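Can you make the complete structure from the sequences, with help from the hints?
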Amino acid sequence: MPRDWPRWGIASVLLVVGMALWVAWAAPQAILCWALIAALGTGYVWAYTWRYVAENRPAAAAPRYTRLGWANGLTVLRGVLLAMMAGFLCPAARTPALAWAPAGLYGLNAWIDGVDGLIARRSGHASLLGRRLDLHFDAWGVFLAAALAVLWDRLPAAFLLVALARYLYVALLALAARLGWLTRAVPHDPLRRALAGLMMGFLAVALAPVFPAAALAWVGWFFLVPFLLGFARDAAYALHLSPRFGPLTEVWPRLAPVARLVAAGMLVLRLPEQPWAWRAAGLVLAAALALGVLPRLVSLAMLFGIGFGWMAGWWGPTAWTALVVLALTIVVLGGGGASALWPADEPLFTQRLGRPRSAAWSAARPQG
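Just so we're aligned: the sequence shown equals residues 8 to 375 in this note's numbering.
Please keep in mind that the hints were generated in silico from the structure rather than gathered at the bench.
Since this is a predicted model, take the numbers as computed values, not measurements.
Keep in mind that a hint or two might mislead.
Listed next, with one range per pair, are the computed distances between beta-carbon atoms [to be verified]: (1) A184 with A326: 41 to 49 Å; (2) R128 with W327: 42 to 50 Å; (3) G16 with W188: 40 to 48 Å; (4) P13 with W327: 52 to 60 Å; (5) L135 with L348: 35 to 43 Å; (6) V291 with G187: 54 to 62 Å; (7) L355 with G272: 19 to 27 Å; (8) A106 with L39: 18 to 26 Å; (9) V291 with T73: 51 to 59 Å; (10) T325 with V291: 19 to 27 Å; (11) L355 with A69: 28 to 36 Å.
All C-beta atoms in this analysis are idealised placements derived from N, C-alpha and C, irrespective of residue type, glycine included.
Structure (structure tokens):
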């Protein structure tokens, strides 16, 4: 047993007890259901960690670490946050006082997901266990977030496909292996990380009681379709149904320069209809996007702006909005393209934190 195992166990108990007190105060009718699910989920997190604790080593042939370490400990706490989030599947927990709880838990989980790998590399404590837990909790988190968003009427039922996508993919490959079909490893692809990150971010926004459900449902299709296409592309390649891996990966960045100009131009055409503050901000963002200055971050900012504009009645479910959202989504996923002036935000979307800047930059720079 790792020497710091009790420390992280106590931290887990304190987290669950703290959230239980909030639930008991805000929705006493839900506390028993919530506590049961959260306790079972927390037990599962620790049982899963214990099952693979022998992988707490940097490589298969290396000696085992004597401690879980901060990185693995935080990753385990990610799982505990998700276990508490699962408690909100209880219908009685859906109260105004707890409306922000799932979004807060999932957002904190996503933040830890962004830093635990960095901590592992900086502390020299990267491990096979950490990679396993990270992948497992990523899939579990997307499942819970999508299921909750559907259950709480924030997203349409089609988003249950997002919840199940990873598990269906793994089950399909397992079935293929059982039937004796040949499978092959799927190559690394920066687009896959961008797709996953965008979907996690969208689910966190969807869980927060900010934007109207109608807007989320309408815009969500622009995130749902490429996310599912990514899984379909990976499955087709792994099962030898597609002779090559590249089409989706190659097409998206080639569309990005055109998408930048389309989104910037259409936004400028809409500016005269907006209040002066929005016009000023819109001109700055449109210029940055057209030039390719931080194109992914600028596109994300524009998507949020459209969301707030929808709430104010300036945007709605029109063909114009659809084209702008489509163009912005292409830039977020594919980057600014080879003509982008300053795509310094590329590593944020395509690389793990803590990778040397030179390597991340060269990997993220568009090849033209």
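Task: Distance restraint hint 52 to 60 Å, applied to the beta-carbon atoms of P13 and W327 - done: holds (58 Å)
**Message:** Just to be sure I understand the hint, the distance between the Cβ atoms of G16 and W188 should be within 40 to 48 Å; is that true here?
**Reply:** holds (42 Å)
Note to self: Does the beta carbon distance between A184 and A326 stay inside 41 to 49 Å, or does it fall outside?
What the structure shows: holds (45 Å)
Task: Beta-carbon spacing of L355 to A69 - inside the hinted bounds 28 to 36 Å or not - done: Since the Cβ atoms of L355 and A69 sit about 31 Å apart, the hinted range of 28 to 36 Å holds.
Do T325 and V291 keep their Cβ atoms within the hinted range of 19 to 27 Å?
holds (24 Å)
Q | Range agreement (Cβ of G272 with Cβ of L355, hint 19 to 27 Å) | A | holds (26 Å)
>> 54 to 62 Å was suggested as the range; check whether the CB atoms of V291 and G187 agree with it.
In response: holds (58 Å)
Take a look at whether the Cβ-Cβ distance between V291 and T73 falls inside 51 to 59 Å. holds (53 Å)
Checklist entry - Is it true that the C-beta distance of L135 to L348 lies inside 35 to 43 Å, as the hint says? => result holds (41 Å)
Notebook entry, point to check: Between A106 and L39, does the C-beta distance stay in 18 to 26 Å?
Noted result: With a Cβ separation near 20 Å, A106 and L39 satisfy 18 to 26 Å, so the hint holds.
task: Given the range 42 to 50 Å, decide if the beta-carbon distance of R128 to W327 lies inside it.
output: With a Cβ separation near 45 Å, R128 and W327 satisfy 42 to 50 Å, so the hint holds.
Violated hints are absent here; each numbered hint is respected by the structure.
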